[in-house]
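Engineer: Letter by letter, the chains look like this.
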Amino acid sequence: MVFADLLEETFLSLSSNKSRSGLTVLGIVIGIASVITMVSIGQGSTKEIENSIQSLGSNLLIVTPGSQKSYGSMVRESSGSANTLTLNDVEAIKSEISNLKTVAPIISTRKQVLYKGNNTNTSIYGIDSAYQGIKSLETSLGNFITQTQIDKVSKVAVLGPTTRDALFGTDVNPIGMKIKISGTEFTVMGVTVSKGGSGMNNSDDMIYIPITVAKHYYTGNNSVSSINIEVSSANKMDKAQEDITNLLLARHKIESADSADFSIVNQADVMETMSSISGTLTLLLGAIAGISLLVGGIGIMNMMLTTVTERTREIGLRKSLGAKSSDISNQFLLESISLTFLGGVIGILLGLIASFLVNKFGGTTTVVTLPSILLAFFVSAGIGIAFGYYPAKRASTLNPIEALRYE
Amino acid sequence: MIRCKNLIKTYKTGDIETNVLKGVSFEIKKGEFVAIIGPSGSGKSTLMHVLGALDNPTSGEYFLNGKNMFKLSDNELAKIRSERIGFVFQSFNLLSRATVLRNVTLPLVYDNDVKKEDRNKLVEKALISAGLDKDRWHHLSSQLSGGQMQRVAIARALVNNPDLILADEPTGNLDSKTGDIVLETFQRLNKDYGHTIVLITHERYVAEHADRVIELRDGVIISDGSSSKSLLKNK
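Residue numbers (the working numbering), protein chains in the order written: chain A, 467 to 873; chain B, 576 to 810.
The shape of chain B in the complex, shown without the other chains:
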């Protein structure tokens, strides 16, 4: 599903080169729920940008569902994002003046392969999967609570049936109770619908909700294994 080999990302600021990723290699299988954990500056955000086709790596291999993602043009990256990747952000990033339905429709608007008449069906399916009550669907997204907003964002990430859902600190702006609900939603999507999810966080507690935890520090992987919770579960 995802195969990364020796990913290197270097940023240049003037004459100074900063190596953010220093050779990261891992594989993620279809249907896995993986957390990438690390302190700030560990390179986890950069890794997410590369995995999310927002940026090209400086060198190394990255295959997403068999497609070589090396040195793609901006438009090719946009197409990958449109068809294969769903993002969930820390700050939700919903269009506040648009309704819930319109927000979830947005990725389909940019995907020319989805017919207009199929949209509503896909949007409804995604909203049901994300667990948002039907009576909220016609509300403006600014009228929702934080937990509801994040579920709208999750539905938006699901709607084009992506290969990969990337969640960047999805609980960072939520209190622990609603955070738990959101994490349970991810777990349910993973278990019940078989979505491949990569969750990026700096909190161990959040990472423990995944099946596998990849720990990153200073641009290299320092550990990669099953999370303690899933170990507990397996026992």
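This is chain A alone, in the form it adopts within the complex:
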């Protein structure tokens, strides 16, 4: 029996029971489509997390202060709130640690900001000239804070786009306008390009001012809120982290790293943690969708078993006309593979459309990758073989005499 005949027989028998074939295919379609959509949502969130961490800068170490945990005291203040890191530490890091590209101290605080009748509460970042490079910040309007302005303690401010919208309204050019941050008047000199972050570190809802100004007007001492350090290359991250830890321990006269009054966060670690979380998420979503695929596969098997019983006489006839057992099993196997193949193709298309719609209207980034499509495709073909094999085997082993007698 040649393949073209096999295909013709398959087409004849599947098309002769269209509604049943259609419903069986639907099971596979739903399974495959949900696998593709779910995995695309999972991978989309992975990518979103990676992007937002990447947008913090690359090869970044962030040093934040934390109060020393001493014996007898159960209280530990939240990191960043303590005053244990100073500008002197920053200078020491700059001069004594090698392989660092930039060291950017930040003095951050939250203040009420006022422009005429509008006011908003937002993060104020006192920064030095290195910060712009580390965060790859760009201005859409005006200019960023210059070294001269930092040195001269100029009361100038660069706004994030969200803050600009809150104070001035969208599409207003605020350059040269005066705003009041906690009573002190600043001149707006730029607006940054939107980076689209969200949550606590939304770089769009922020006001940047010179670090010298922040120190003079808001802290009044030498302390800094955090130090962003860019290491020259990824493979020197661990060494730099260790060196900085040792330096700061020595400067703060602390013997053990366990009781350090600061903490260093390695960007790569954060990324790894987040990726593993979203990887688990993807797996979970995929597994849920996979169950529906399995149910679809069982549907195929159920249909094929019914078909074999229904067509017992036909099988007997085919055998009496000279069909070998393998001809019979090939025919039934091809029928189930055709069903899953068809379901797979439709399911992939439907999954692509669904993930596109989720991306567009659902507010979640979705990423459809070629491996997930290939996986879905081969899984569906595999289901056809796996769940079609038993019914096909059963059909092929029927005794022709008994099959012909079957009523």
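Calculated from the structure, these hints are not laboratory results. It is possible that part of the hints are untrue.
To be verified - Listing some non-contacts, in silico: residues in chain B with all C-beta distances to chain A over 12 Å:
| hint | residue |
| --- | --- |
| 1 | E592 |
| 2 | K605 |
| 3 | D649 |
| 4 | S666 |
| 5 | R694 |
| 6 | H714 |
| 7 | A732 |
| 8 | D743 |
| 9 | T753 |
| 10 | Y768 |
| 11 | G800 |
Stated by the list, open to error - DSS-like, lysine-lysine: derived pairs with alpha carbons at most 25 Å apart:
| hint | chain 1 | residue 1 | chain 2 | residue 2 |
| --- | --- | --- | --- | --- |
| 12 | B | K752 | B | K766 |
| 13 | A | K513 | A | K577 |
| 14 | B | K690 | B | K709 |
| 15 | A | K560 | A | K681 |
| 16 | A | K859 | B | K646 |
| 17 | B | K709 | A | K859 |
Every residue, glycine too, gets a C-beta built ideally from N, C-alpha and C.
Position chain B against the provided structure of chain A, taking the given hints into account.
Structural biologist: Okay, now just chain B, sitting in the frame of chain A:
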């Protein structure tokens, strides 16, 4: 053509052995039209299964056109059925959703020796031999009358030019008038085309259409001779 010697077929159900054929011997020459007659339980269906290579005999010799048919594997039996035997069944056994042409093509599909381009010619020849009007050829077989269906089944049995056509109660589902037409078709195939036909029936009237009648009872042959009709004809 067909040579059977001491065919024995025993079925085992648990510990009980049932002897269905108890030593059947006969010969059928090429071009003969033979009816095998007997009441139900006489073993005629089992004999047909053995002759039709659907089953192996328990013991005994069976030569079909010189080929020893003893203890063949399932695949070898399938090959014999595909190349040497054409079946006509009581209940036609056509694929109802397929056209007449597709039904008649089916045996060729399972015969890898027949080239695809030769198929149509063979199918047309068989349908003409079986006497089915050409305007029915593209109909679905479910749209035909009983007599037409049986002629499609006969064409299907003819299409691979078998050594032997086996008809199992071919008129059982037909009224007497269409039954007669079908029996005449067999006679014509036998006389005009020289096909060897073995017809299995329990009706004497049907058996009388053959040239020779073998009567079977309880697994043994009780008579074997020319049918009365052919005796009449010969006189």
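Engineer: Quick one, are A/K560 and A/K681 close enough, alpha carbons at most 25 Å?
Structural biologist: With a Cα-Cα distance of about 19 Å, the restraint between A/K560 and A/K681 holds, given a limit of 25 Å.
Engineer: Confirm or reject: B/A732 is not an interface residue toward chain A, with every Cβ-Cβ distance exceeding 12 Å.
Structural biologist: 9 Å, violated
Engineer: Are all beta-carbon distances from B/G800 to chain A longer than 12 Å?
Structural biologist: It holds; B/G800 is separated from chain A by about 29 Å at its closest Cβ, greater than 12 Å.
Engineer: Going by Cβ atoms, does B/H714 stay more than 12 Å from chain A at every point?
Structural biologist: Given a closest Cβ separation of 15 Å, the condition holds.
Engineer: Any Cβ of chain A at or closer than 12 Å to B/T753, or is the non-interface label fine?
Structural biologist: 21 Å, holds
Engineer: Below or equal to 25 Å on CA atoms is what counts here, so check B/K690 against B/K709.
Structural biologist: Answer holds: B/K690 to B/K709 is near 23 Å, not above 25 Å.
Engineer: Per the stated criterion, does the least C-beta distance between B/D743 and chain A lie above 12 Å, as a non-interface residue requires?
Structural biologist: 9 Å, violated
Engineer: Check the hint pairing B/K709 with A/K859 against an upper bound of 25 Å on the C-alpha distance.
Structural biologist: 39 Å, violated
Engineer: For B/K752 and B/K766, compute the direct alpha-carbon distance and say whether it is at most 25 Å.
Structural biologist: 21 Å, holds
Engineer: Non-interface claim for B/S666: all C-beta distances to chain A beyond 12 Å?
Structural biologist: 8 Å, violated
Engineer: Beyond 12 Å from every chain A Cβ: check whether that's true for B/Y768.
Structural biologist: Label holds. Min Cβ-Cβ 20 Å, cutoff 12 Å.
Engineer: For B/K605, is the shortest CB-to-CB distance to chain A above 12 Å, so the non-interface label stands?
Structural biologist: 21 Å, holds
Consistency with the previously given hints fails for numbers 3, 4, 5, 7, 8, 13 and 17, ordered from lowest to highest.
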